[in-house]
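Below are the chains, spelled out letter by letter.
2 protein chains.
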Amino acid sequence: MIAAARAAVDIGLEELGCQALLVVGSSARDPDLASFVGPVHLTQAFVVAPKGQPPRLAYLTPMERDEAAATGLVLLTPEVLEVTRWWRELPTGEAALAKVLSLAFEECGLEPCRIALAGQGEVGEVHAAARALERQGWTLVSGAALARQARKRKNDRQLRAARRVAAGTATAMRRVAELLAASEAREGELWLQGERLKVGRLRMEVARTLAAFDLEQPVGNIIAPAEEGAVPHNSGTDGRILRPDESLVVDLYPRGWLYADCTRTFCVGRPPEPLAAAHGSLLRVLERIDAKLRGRGDGKALRAFSLQDAACSLLKADGYATPLTDPGTESGYVHNLGHGVGFELHEYPSFRREAGAEGLLETGDLITIEPGLYDPEAGFGIRLEDEIFLGPEGPEKLTDLPYDLDPRAW
Amino acid sequence: MIAAARAAVDIGLEELGCQALLVVGSSARDPDLASFVGPVHLTQAFVVAPKGQPPRLAYLTPMERDEAAATGLVLLTPEVLEVTRWWRELPTGEAALAKVLSLAFEECGLEPCRIALAGQGEVGEVHAAARALERQGWTLVSGAALARQARKRKNDRQLRAARRVAAGTATAMRRVAELLAASEAREGELWLQGERLKVGRLRMEVARTLAAFDLEQPVGNIIAPAEEGAVPHNSGTDGRILRPDESLVVDLYPRGWLYADCTRTFCVGRPPEPLAAAHGSLLRVLERIDAKLRGRGDGKALRAFSLQDAACSLLKADGYATPLTDPGTESGYVHNLGHGVGFELHEYPSFRREAGAEGLLETGDLITIEPGLYDPEAGFGIRLEDEIFLGPEGPEKLTDLPYDLDPRAW
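Residue numbers (my numbering), protein chains in the order written: chain A, 3 to 412; chain B, 3 to 412.
Hint data in this document are derived by calculation from the structure and do not stem from the laboratory.
Don't take every hint at face value.
Said to hold, decoys possible - Partner residues aside, some chain A positions facing chain B, computed with beta carbon under 8 Å:
hint, residue
1, Val-26
2, Met-65
3, Val-76
4, Thr-79
5, Gly-123
6, Ala-134
7, Gln-138
8, Val-143
9, Ala-169
10, Gln-219
11, Pro-220
12, Ile-224
13, Ala-319
14, Asp-320
15, Ala-323
16, Thr-327
As the list claims (entries may be wrong) - Not close to chain B: a few residues of chain A, all C-beta gaps over 10 Å, as computed:
hint, residue
17, Glu-96
18, Arg-210
19, Phe-391
20, Asp-406
Don't be surprised by glycine CBs; every beta carbon is placed ideally from N, CA and C.
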């Protein structure tokens with residue numbers, strides 16, 4: 003945990019009037035817990051971070067003692083918390099959990115007070131345990147936003163992990179470009195190695211390439227040609243045969259310890275004029291945003307929403323509908339410009355207009371910038387998405403790939 | 003949802019004194035939600051299952067209407083629930099969630115009453131929303147065990163998915179056997195294709211093979227030689243060079259829509275006598291358990307714990323320590339015999355002695371049987387694990403692979 007994260011916890015606790023943050027989890031891969039414990043293997047654990055004190059890790063299974071020690075956190079052991087006893091003696095799992103939590107609070111020097119509750123888990127069990135604690139004088143309020151804010155700015159170790167995942171993602175994208183570049187058009191269809199080239203073939207190749215980097219795709223990916231790519235949430239059908247002269251949106255968002263997120267759009271052959279024009283508009287948006295991110299250093303606070311605002315202005319000037327000028331539009335520019343990325347695919351900073359402190363772009367933030375243009379009637383979509391680290395020296399693009407529609411130019 | 007699942011929900015609601023089950027989730031892949039909605043893509047949704055009525059699905063994002071419709075459930079749309087309005091007008095996400103939940107309850111014909119709460123999600127937000135509902139007269143108790151019980155017995159669609167994942171897992175295991183069989187011993191190390199064969203090489207090959215089946219490993223795998231495999235939770239170190247005449251535990255538990263789980267143990271060369279003896283003992287356990295599962299049909303209820311009991315008797319007779327005769331032992335047979343598997347890697351039926359209805363083996367259950375023997379001092383571990391469906395015609399082994407230690411015999 004870096005000082006920035008510790009400070010964010012303390013500020014958040016102050017705002018909520020709480021004495022401590024409690025982060026529960028069923029796995030060290032749960033986003034809130036992950037940012038506290040690092041890339042270890044823990045299945046039953048929680049963190050208590052009392053205001054102004056280092057966070058402590060309670061692990062509940064003696065077998066996980068080595069993993070718990072590897073976190074470097076102050077530990078509350080299952081022996082001290084008498085975990086086995088409570089699960090044996092108390093009538094329900096909720097009662098046992100409440101008992102162990104109250105003992106952990108006590109070990110941290112806390113008396114019944116207000117606690118911010120965060121983490122992911124079995125909501126029924128945790129709610130019941132929280133109600134039991136409330137009957138003993140504790141108050142539990144939502145610490146979900148606090149925990150998300152605490153992991154907004156990435157530390158060096160998290161950044162290194164993010165770079166590694168982004169590198170694997172870029173390799174998979176290059177592999178897609180290679181296959182497309184090697185394909186041939188015959189009677190309106192693309193062929194590769196004696197077979198019609200289908201979405202499923204590219205998806206398989208992406209999965210294999212990412213697996214070689216030890217990356218997974220827990221929320222899948224988007225490989226969406228023409229009419230499918232014209233709807234941003236359509237992930238593309240495996241059996242769809244690819245055609246020359248059509249758009250193909252490839253959006254990859256695999257996870258290692260952290261997530262990466264990158265999109266490119268291809269067109270084998272000659273892009274229709276509206277697609278080529280949209281491509282030009284998006285390149286201008288990316289340039290403009292890059293300039294704004296580079297200008298961030300000189301003392302002015304920059305809000306993520308201001309980037310969305312700038313993108314909408316540019317695209318409006320190019321004749322496209324945008325969410326700010328035409329709310330609810332399904333054609334033109336139809337979504338937000340980006341999002342934070344890390345332990346969740348979408349996390350802080352927030353690009354929403356209504357965002358508070360979580361909408362501020364700060365050094366250490368990891369974001370994506372993903373302008374896109376869609377035309378369901380004409381049947382095309384295009385999106386270009388980079389992952390960018392806001393470093394002390396300026397923005398660093400983690401997904402350094404060509405933007406060309408033509409895979410042969412890659 | 004099959005009739006069995008509907009019936010389990012109604013029985014559970016009756017036991018808890020509740021009028022409805024509420025299952026929240028942040029993804030259709032969350033285990034409780036998954037069993038209700040099927041393999042669709044939903045990010046913001048919940049299910050309300052009032053007693054004696056079909057469950058209804060509330061989805062919160064208009065973009066997910068097609069996915070929601072694909073579940074075949076009665077739908078509560080974001081328009082009916084006025085989702086956008088509450089997230090705009092109410093001060094916090096918790097307040098908006100509470101409002102939408104109470105509207106959904108109302109649409110189901112419910113008045114303030116006792117509700118069983120299940121599902122996985124942001125515990126802080128859900129607890130806060132539940133507290134808001136409680137101030138309006140609702141009572142929320144834990145429905146975690148109820149939801150788990152409702153997905154204990156698998157339906158045909160779930161079984162087909164499980165078979166597919168098990169087949170991919172078996173292929174990955176055969177691939178490991180192939181590489182080991184092709185390796186050569188030189189000066190106490192295994193070599194393959196001009197390189198020392200390391201754990202990491204096998205792990206890479208497993209990941210590639212599983213990726214080709216569109217399977218992921220959200221909780222990793224275990225590829226643990228000798229001293230590492232002697233501790234059941236040690237997952238094995240990538241850099242470890244494999245040696246002849248030592249044990250190698252390979253435990254794969256990937257996920258498609260459901261999880262699969264399978265373990266084999268290899269020994270390239272000549273197994274030390276204690277390893278060979280342990281192998282013989284485990285084969286006898288597997289035979290005995292198979293006979294017990296085949297005998298299940300004749301009207302007697304069989305408890306999962308009785309299988310653990312039988313395994314301990316056999317292994318005790320062979321001279322090994324067991325959890326029943328030597329609680330806490332770290333050598334010999336040190337864990338339970340199996341577990342249910344499905345939307346979670348470990349789910350019902352429960353093999354614990356203390357289990358209630360969840361400890362009963364029933365038609366439709368999907369279980370693993372995984373006897374193992376460990377000797378940290380001698381530095382070896384061996385575990386053989388099959389995944390078994392308890393079908394109406396008897397047990398069906400989903401992981402039909404050899405048990406041989408010698409990969410050349412595969």
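Quick rundown of the hints versus the structure:
At about 6 Å, the closest approach between the beta carbon of A:Val-26 and any beta carbon in chain B falls short of 8 Å, and the interface hint on this residue holds. Contact between A:Met-65 and chain B, as hinted, is supported at the beta carbon level, the nearest pair being about 5 Å apart and thus within 8 Å. For A:Val-76, the shortest C-beta to C-beta distance to chain B is roughly 23 Å, which exceeds 8 Å, and the interface hint is violated. Hint status for A:Thr-79: violated, given a least beta-carbon distance of 16 Å to chain B, over 8 Å.
With a least beta-carbon distance of about 5 Å to chain B, the hint placing A:Gly-123 at the interface is held under the 8 Å criterion. Hint on A:Ala-134 is violated. Least Cβ distance to chain B is approximately 10 Å, over the 8 Å limit. At about 16 Å, the closest approach between the beta carbon of A:Gln-138 and any beta carbon in chain B exceeds 8 Å, and the interface hint on this residue is violated. Interface hint at A:Val-143: satisfied, since its Cβ lies 6 Å from the closest Cβ of chain B, which is below the 8 Å cut-off.
Look at A:Ala-169: its Cβ only gets to about 16 Å from chain B, farther than 8 Å, so that hint breaks. Evaluation of the A:Gln-219 hint against chain B yields a held restraint, the C-beta minimum of about 7 Å falling below 8 Å. Checking A:Pro-220 against chain B by beta carbon gives a least distance of about 6 Å; that is within 8 Å, so the hint holds. Given hint, A:Ile-224 at the interface with chain B, is violated; its Cβ is 11 Å from that chain's nearest Cβ, farther than 8 Å.
Among the interface hints, the one on A:Ala-319 is violated; its C-beta lies about 27 Å from the nearest C-beta in chain B, farther than the 8 Å criterion. For A:Asp-320, the interface hint is violated, since its Cβ never comes within 8 Å of a Cβ in chain B; the closest pair sits about 25 Å apart. For A:Ala-323, the suggested interface contact is broken, since its CB lies about 17 Å from the closest CB of chain B, more than 8 Å. Evaluation of the A:Thr-327 hint against chain B yields a violated restraint, the C-beta minimum of about 19 Å exceeding 8 Å.
With a closest Cβ-Cβ approach of about 6 Å to chain B, A:Glu-96 is found to fall inside the 10 Å limit, against its non-interface label. With a closest Cβ-Cβ approach of about 5 Å to chain B, A:Arg-210 is found to fall inside the 10 Å limit, against its non-interface label. The beta carbon of A:Phe-391 sits about 26 Å from the closest Cβ of chain B, which is more than 10 Å, so the claim that it is off the interface holds. The claim that A:Asp-406 lies off the interface holds: its Cβ sits roughly 27 Å from the closest Cβ of chain B, which is beyond the 10 Å cut-off.
Of the numbered hints listed earlier, those contradicted by the structure are 3, 4, 6, 7, 9, 12, 13, 14, 15, 16, 17 and 18.
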